[in-house]
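Asker: Chains F and L, in that order, give the protein sequences.
If you use the numbering used here, the first sequence corresponds to residues 1 to 243, in order.
If you use the numbering used here, the second sequence corresponds to residues 1 to 412, in order.
A hint or two may mislead.
[Stated by the list, open to error] Listed next, the stretches of chain L that the computed footprint assigns to chain F, with coverage defined by at least 3 CB atoms under 8 Å from CB atoms of chain F:
#, stretch
1, 68-75
2, 131-142
3, 194-203
4, 209-219
5, 226-235
6, 343-354
Quick caveat, the hints were computed from the structure, so don't treat them as lab data.
We treat Cβ as the ideally placed atom computed from N, Cα and C, and that holds for glycine.
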Amino acid sequence: MERISTVNERKLFLTLDILLIPVLVILFMGVFSFHFALTVGDWDYWIDWRDRRWWPLVTPLSLIVLPGVFGYLLWDKLRWPLGGTITILGLSSAAWVSRVWNFEIFAGFPLNMVTPSTYVGLGLMLDATLVITKSFMVTGLFGGFLFGFLIYPLNWPIIAPYHLPIEMDGTLMTVADVMGYEYIRTAIPEYVRIIESSTLRTFGEAVVPLTAVFAGFLTVLTYYLWVWVGYLTSKPTWIKKIV
Amino acid sequence: MNAKRKRPVSAVFLLLLTLFTVNEVAAHGERAQQAGIRMRTIHFFDIEIYPRTLKVNEEMTVKGKFIPSENWPDHLASTEGTAFLNIGVPGPKFIRLSSSVNGQPMIRSTSFQEGELYEFEMTLKARNEGEYHVHPVISVQDAGPIIGPGYWVTVETGTAPFENHITTLFGEELDLETHGLSNTIFWSSLWFVIGFAWFGYWLFRSKLPIIMPRYKLIADAKDADDIITRQDQIAGGVCLALCLSIIGFGYLWAEDKYPVTTPLQTGKVKTPLIEWDKHAVAAELVKAEYRIPGRSFKVEVNVTNTLETPVRLAEFTAGGIRFGNPNVRELKPQDRHDLVAEAGLIVVNEQIEPGETKSVVFEANDALWEIQRLTSLIYDPDSRFGGMIQFEARNGQRYPVEIGGAMLPLFN
Numbered sequence: 001m002e003r004i005s006t007v008n009e010r011k012l013f014l015t016l017d018i019l020l021i022p023v024l025v026i027l028f029m030g031v032f033s034f035h036f037a038l039t040v041g042d043w044d045y046w047i048d049w050r051d052r053r054w055w056p057l058v059t060p061l062s063l064i065v066l067p068g069v070f071g072y073l074l075w076d077k078l079r080w081p082l083g084g085t086i087t088i089l090g091l092s093s094a095a096w097v098s099r100v101w102n103f104e105i106f107a108g109f110p111l112n113m114v115t116p117s118t119y120v121g122l123g124l125m126l127d128a129t130l131v132i133t134k135s136f137m138v139t140g141l142f143g144g145f146l147f148g149f150l151i152y153p154l155n156w157p158i159i160a161p162y163h164l165p166i167e168m169d170g171t172l173m174t175v176a177d178v179m180g181y182e183y184i185r186t187a188i189p190e191y192v193r194i195i196e197s198s199t200l201r202t203f204g205e206a207v208v209p210l211t212a213v214f215a216g217f218l219t220v221l222t223y224y225l226w227v228w229v230g231y232l233t234s235k236p237t238w239i240k241k242i243v
Numbered sequence: 001m002n003a004k005r006k007r008p009v010s011a012v013f014l015l016l017l018t019l020f021t022v023n024e025v026a027a028h029g030e031r032a033q034q035a036g037i038r039m040r041t042i043h044f045f046d047i048e049i050y051p052r053t054l055k056v057n058e059e060m061t062v063k064g065k066f067i068p069s070e071n072w073p074d075h076l077a078s079t080e081g082t083a084f085l086n087i088g089v090p091g092p093k094f095i096r097l098s099s100s101v102n103g104q105p106m107i108r109s110t111s112f113q114e115g116e117l118y119e120f121e122m123t124l125k126a127r128n129e130g131e132y133h134v135h136p137v138i139s140v141q142d143a144g145p146i147i148g149p150g151y152w153v154t155v156e157t158g159t160a161p162f163e164n165h166i167t168t169l170f171g172e173e174l175d176l177e178t179h180g181l182s183n184t185i186f187w188s189s190l191w192f193v194i195g196f197a198w199f200g201y202w203l204f205r206s207k208l209p210i211i212m213p214r215y216k217l218i219a220d221a222k223d224a225d226d227i228i229t230r231q232d233q234i235a236g237g238v239c240l241a242l243c244l245s246i247i248g249f250g251y252l253w254a255e256d257k258y259p260v261t262t263p264l265q266t267g268k269v270k271t272p273l274i275e276w277d278k279h280a281v282a283a284e285l286v287k288a289e290y291r292i293p294g295r296s297f298k299v300e301v302n303v304t305n306t307l308e309t310p311v312r313l314a315e316f317t318a319g320g321i322r323f324g325n326p327n328v329r330e331l332k333p334q335d336r337h338d339l340v341a342e343a344g345l346i347v348v349n350e351q352i353e354p355g356e357t358k359s360v361v362f363e364a365n366d367a368l369w370e371i372q373r374l375t376s377l378i379y380d381p382d383s384r385f386g387g388m389i390q391f392e393a394r395n396g397q398r399y400p401v402e403i404g405g406a407m408l409p410l411f412n
């Protein structure tokens, strides 16, 4: 870039890069992990919580918050279509560290029961849509919808092996149910699990597509909300008030 | 020694003092629960855990009985709503192979009627070496866990590493310790690689440094969107197409590899009741007092024996503490934390003849009232107690009877 006029300025800017980029990534890891633990928590911790109705609905609504806010900031200030990718990479990296360290090594759960779901693809699609269209409006409509709509198929290759049927004491179970039952969680009795249960409103077997469309629709709306929050936080008036 | 040199020595001394004087921790916070709630919720009895020493991969049985209290506090959610038979151990040190109440498998949640008798049994398999305090637990929705009596169990190293295999309805054997893990790692890694590639593209698409020159460029630009080049948009298109392709391929691959799957299973089951003569011996509370200086709980009850054989008051249980009448039943603590007051029960008029109704007075005395913090009942906003008396016939048949009501403290 031709604006770098002196060697000293270049050095200063390089130092800023070296300091700021890791700090940003670590910040996203921490903030997103905390936010995700509070809002999604058990749905992402345990393989026997990832059902067809609640997990694919709650997760994108929580997951879109940071990509919306920071996506706006990174685009507005740097024209970087990275808000979805970096924040979710940070979340996923922190989740893997936590699952291995806290859940497997410290608490003793088998790792296959507590591995995090994958969400990186959702962030990538959001960012790719933004760079192609250069429009938050279109990104919300198209990328936001894909973000909510595709969370289940994105994770199905990971989840499917845990939905094989098993018989236990005359009861039909899935592999995930058996793991949840056998590997004892004293503080999580069976009724605590918030998963799909039969209702009169169930549309036959079409739970997944209906949930996916609904999740996509809600994610579009919430994406705009969080982009707006990003817009508000990017205004210099906040800094002026604080200073 | 001057003051500055004394400080590190003092610190080391304090550290050593802390290390060697730490009290043993109660296993699952039982004593933290309000005394009234512990006494008026679930009466556990006849708890058996065997074997108490086993090796990794070996099985252990936890069995016993419980009666949900008829004095259950109104403000507390009851087992008549939703409850689950659970086990109190520090994490998955064991796996639960099976559990049942009155013969009904307890994989799912259920409800238990107040005043009814339930017999439970669980089979656990040892997974990790160590010494663990094992309790039966009844988890009650919106109320919390009600913890039963616990015993120490020692798990020793086994001859082979822990194994947990299960067979699907298609006859495929799975190792639940590792099933699906490599698959999860593959798909997660694939997305990490693509994510970092996208991140790397934007970091290194122009010369270093990155942030400030770009920030300045955008701040000064007439239309900041012009910074996005055709190449960037093509990269975006490729990224989007790649993501959609991988998601589509992954979904079809999973559908092909696992053509038959079932949704996660949940729901509530009904637990059948067992036949028992709950009115064979009846007891009605007349008066209950707790004398604080003597740690003595004195109870007067009117007892009616409808049986054709005399019965004697053998045991009183409250909040998990067992007080045995040495004239009838010899109670011995089974380990160092077994809550048994061996000769803690003094009974006046302990025998009730067939068809007789008479006043029986008993005193349950022991420091366990204090140690288990049941005396804090006098500080509860609802100073009512609950407990279970066991009467015993000559043939050894036992008749559990619940009592409960107001309790008056005596301060001197």
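Asker: Now, for every hint given, state plainly whether the structure supports it.
Answerer: Okay, the hints, checked on the actual structure:
With 0 residues having a beta carbon nearer than 8 Å to a beta carbon of chain F, the stretch 68-75 of chain L misses the requirement of three or more and the stated coverage is violated. Coverage of the stretch 131-142 of chain L by chain F holds in this model, with 3 residues showing a Cβ closer than 8 Å to a Cβ of that chain against a need of three. Residues of the stretch 194-203 of chain L lying with their CB closer than 8 Å to a CB of chain F number 7, which satisfies the three-residue condition for coverage. With 10 residues carrying a beta carbon less than 8 Å from a beta carbon of chain F, the stretch 209-219 of chain L meets the three-residue requirement, and the given coverage holds.
Here the stretch 226-235 of chain L counts 5 residues with a CB under 8 Å from a CB of chain F, which clears the bar of 3, and the coverage holds. Check result for the stretch 343-354 of chain L against chain F: violated, 0 residues qualifying (beta carbon to beta carbon below 8 Å, three or more required).
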